[in-house]
Amino acid sequence: MKIGRWLFSVAMSLSVLSGTLIAHSGEALVRPPAFDWDTWQPPKYVPNWKGVPHELRLPPIDLTDPPAEPVHWTAQWEEREGCLIAWPLGWTSTYAAFCEIVDELQEVGVVYMLYNDFASKSAISGILASGGVSQDYCDWLNIPYNDNWTRDWGPQNIWGQESDNWGIVDNRCLYGPQSNNVNPALNEMWRMDYYESPILTEGGNLCTDGMGRVFCTRWCLLEASLVGMSEEELREAYWDYLNVELTILPSPPISPHLDMSAKLVDPVTWIIGEWPPDDPNTPDINNLTASTGNPYTIYRVHQPDRLPSGYCRTYT
1 MKIGRWLFSV AMSLSVLSGT LIAHSGEALV RPPAFDWDTW QPPKYVPNWK
51 GVPHELRLPP IDLTDPPAEP VHWTAQWEER EGCLIAWPLG WTSTYAAFCE
101 IVDELQEVGV VYMLYNDFAS KSAISGILAS GGVSQDYCDW LNIPYNDNWT
151 RDWGPQNIWG QESDNWGIVD NRCLYGPQSN NVNPALNEMW RMDYYESPIL
201 TEGGNLCTDG MGRVFCTRWC LLEASLVGMS EEELREAYWD YLNVELTILP
251 SPPISPHLDM SAKLVDPVTW IIGEWPPDDP NTPDINNLTA STGNPYTIYR
301 VHQPDRLPSG YCRTYT
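In terms of this note's numbering, the sequence shown has 139 at position 139, counting the first letter as 1, and numbering is strictly consecutive.
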């Protein structure tokens, strides 16, 4: 298969960190109340998945038609050209880990480094230099962003199976207006096939097997309801834009995002956080069959207990 401009997006959850997350206001994040899925209605103010209440302001959408051909939505383990990173300026405790990530990534590909302005680019470059990290394979992209979760709002990479063209599917994300503008800006730079979908979600809750199936937790239904989409309409959107069938799992006990507690690392292998096996929210993957027709191999890994804040920076 032809290698194209596939991107792997790095989220801050890759960093090995500990302690209570502090919001930008300096206040500790508070665990949100559990959602009652039977009676829940979209209010004016909703808790985002970090537990911070914010006014419900849906990002604008300029909906495009879906691809006119079958597409392949790339899985995370597939070969790709580079990695998209939004540096966590101001979160100094992550700098050493991010320096190591950038250093290792340049051994195998290009690091596409977003920056807000010249001052932030200079600061990031200085941090890398002081950490002894080469920038020979850093491609600097002057595209403003609100936060560092590129896996959540970054591009979903597809390949046209008939045209042999690479493309981006751009889902909406609740995080911030600048972050939602990154994918259109990438499209302007790279001139790939570009599709803006009606799906409202974060990439951290999407796990595709590269064989026509995507997994996510029930959080996807809550977000779909915010834009007036039914479960049937959501499934149709995934099929139309990304050529996958949607498999919905219960929300795990740590975060509604699936990648905080479980990861599909090849078409038949899961690694899952080792929380109590009798937890009612544990994704029931044991009884699922892989797209290959074989049962899944499942490995359990140790995962820290849930923090009092209700938010845990873990990555399996």
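Hints were generated in silico from the structure; no laboratory data involved. We treat Cβ as the ideally placed atom computed from N, Cα and C, and that holds for glycine. You may find that some hints are simply not true.
Stated by the list, open to error - Here are the simulated EDC-like cross-link-like pairs (lysine to aspartate or glutamate), alpha carbons at most 20 Å apart as the crow flies:
no., residue 1, residue 2
1, LYS263, ASP240
2, LYS121, ASP136
3, LYS263, GLU188
4, LYS263, GLU78
5, LYS263, GLU274
6, LYS121, GLU162
7, LYS263, GLU232
Said to hold, decoys possible - Computed beta-carbon distance windows for the label pairs:
no., residue 1, residue 2, range
8, LEU288, ASP139, 26 to 34 Å
9, GLU231, HIS302, 44 to 52 Å
10, TRP190, GLU78, 37 to 45 Å
> Any of the earlier hints contradicted here, and which numbers?
Replying inline: Failing hints, ascending: 1, 3, 6, 7, 8, 9 and 10.
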